[in-house]
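Line by line, the protein sequences are chains E and G.
Numbering-wise (the numbering used here), the first sequence opens with residue 9 and increments by one.
Numbering-wise (the numbering used here), the second sequence opens with residue 37 and increments by one.
Source of the hints: derived by calculation from the structure; they are not laboratory data.
All figures in this text were calculated on a predicted structure; none of them were measured in a lab.
Ideal Cβ placement from N, Cα and C applies to all residues, glycine included.
These stretches of chain G come out as covered by chain E in the derived footprint (C-beta under 8 Å, 3 or more residues):
| # | stretch |
| --- | --- |
| 1 | 118–124 |
| 2 | 162–171 |
| 3 | 268–279 |
| 4 | 363–372 |
Computed beta-carbon distance windows for the label pairs:
| # | chain 1 | residue 1 | chain 2 | residue 2 | range |
| --- | --- | --- | --- | --- | --- |
| 5 | G | D58 | E | S64 | 36 to 44 Å |
| 6 | E | P55 | G | Q231 | 14 to 22 Å |
| 7 | E | G24 | G | Q444 | 52 to 60 Å |
| 8 | G | G183 | E | E21 | 19 to 27 Å |
| 9 | E | A115 | G | Q231 | 38 to 46 Å |
| 10 | G | R445 | E | P55 | 50 to 58 Å |
| 11 | E | G38 | G | G387 | 29 to 37 Å |
So the chains spell out like this:
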Amino acid sequence: MSTARQSVQSVKEASGSLLEAFLAVQEAEGYLTEAALKAVSEAYAIPMTQIYETASFYSMFRFAPAGKTIIQVCRNAPCHVAGAGDTVAALEQALGITIGETTKDGAFTLEYTECIGQCQASPSLVINGEVHTSVTSDKVAGLLASLSN
Amino acid sequence: MVQEMRITLQNVGKIDPRSIDDYMQAGGYQALEKARTADPMELITEVERSGKLRGRGGAGFNTGLKWRGAAQAKAERKYVICNADEGEPGTYKDRIIMEGDPHIVIEGMLICACAVGAAEGYIYCRGEYQKANELLKNAIRQAEEKGLNGGVRLQVVSGAGSYVCGEETALIESLEGKRGEPRLKPPYPTVEGYQGKPTVVNNVETFAAIPSIVEKGAEWFQSIGAKKYPGTKIFTLSGDVVNRTWEEVPTDTTLRDIVYGIGGGVPGGRRLKAVQVGGSSCRFITGGMLDSAADFDSMARLGASLGSGSVLVVDDSHNIVDVLVPITDFFAHESCGKCVPCREGTMRMAGLIRDIAEGRGDEEKLAMIRMLSGYMQSSCFCPLGQSATTAVASAMEYFPEDFEGKLQRKEAAVHVED
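Could you build the full structure based on these sequences and the hints that come with them?
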């Protein structure tokens, strides 16, 4: 908790942005815990209702823990045309879950993301914040193998 | 023959984006120096006249006019905001600029601050663009170290995943720490923007054009491209095209030159079916319309739009209804929920399109789509909802047999126009 509190304080001093405070907390704790949101509320002197009102609007914020590895596949038209549907199917099969789920062991979360601006090399996806491009379905097995190494 | 012409991308790939010295050796920050010695109103007139630079984010509003509004507004504080919340599907032009030449954006913003009398500025950079965010922060730090910021405090602030925040008033709300819901206009941001103060919000590509305009002048910029939308535009290609790539060209370049000249046409012996210029909020056009120039007004004459300059190419292997599924899903996900027609309409539209795509369609559902589309275009609060069904409406107009094929549960109907 003290780490979250510290990062909130440093964001407040640096940019004063509420969204960046949430991002910092999420980076430290994996998701927006109630305790962390209270810390933001206190640091920014904003009531908890308003804190939730803002945080719940943005799709990057989580309110529950996710898998250790989060795979987010772009589902917008350019990636769709380039075969993102097949990529998702290959990932679902390899991980044994459907999109939107987390594996039972908590190792992987598979979900959609909106356009990530990498349409020059679609289908594209993001793994724990890192962009991977041209991930056609035939490259899924290799990609997952490279993650476990 | 496609003639590339790089103004906003002049340094991309040529300089180290982390080095201010590289940028300055390429002539960077000389326009800022020139701007600082000029009379602010003359500077604005130059931008206004100077090629009638019109916003490159998609709305095409005259940039100089925006600046004049903010400059003439009386207030003790004014703000300059760079809209780097690029999120229109298929668009990656701002990322290319910010990752390749962040200083050109900073210089454009500092010139604007000088013209309108602002001492503070923000770059609202989408949360997914971590690399651009870091490069911009580095560029600001370097400009400050060299004393180039002239007392103007610039800051990069991250978004957190919201398409509607690309709308300028929603962006301002978000920057103020609130939900990104658009405000009623007027008042326009140039009168009451960030923290209620006069604010200029311009797109990354718009700011990146400013240094060259200040340096080379009105006549030069106006002589390039289409008369009423002069200059250059970056186009970003995606979909069924040989070269999924990007290029900056004069605005009078034809769509055919963009799709075939830059993009190399459709791969794998397939044929072109549809092109969607401007992103998911824009219309599909057919192969027969490609001889039009790509500028703002020529696209409007086609009933389409230039939008962000993204170019999604769809070949004849797709039924257009299948392409509408991710498009309508996108709007259902990104609707901010402020107004009922958009919140409910985008959700219903996505459901109806999915029903048809998956073989559960009937004539009644098609009629409902038409009706809903009309209601949403006329009654949604902001451009997101108003344009959420634009692609659907154009697809129904140009590819009725694809819908018919889905109703009869046939495989992809094929419609080709060369």
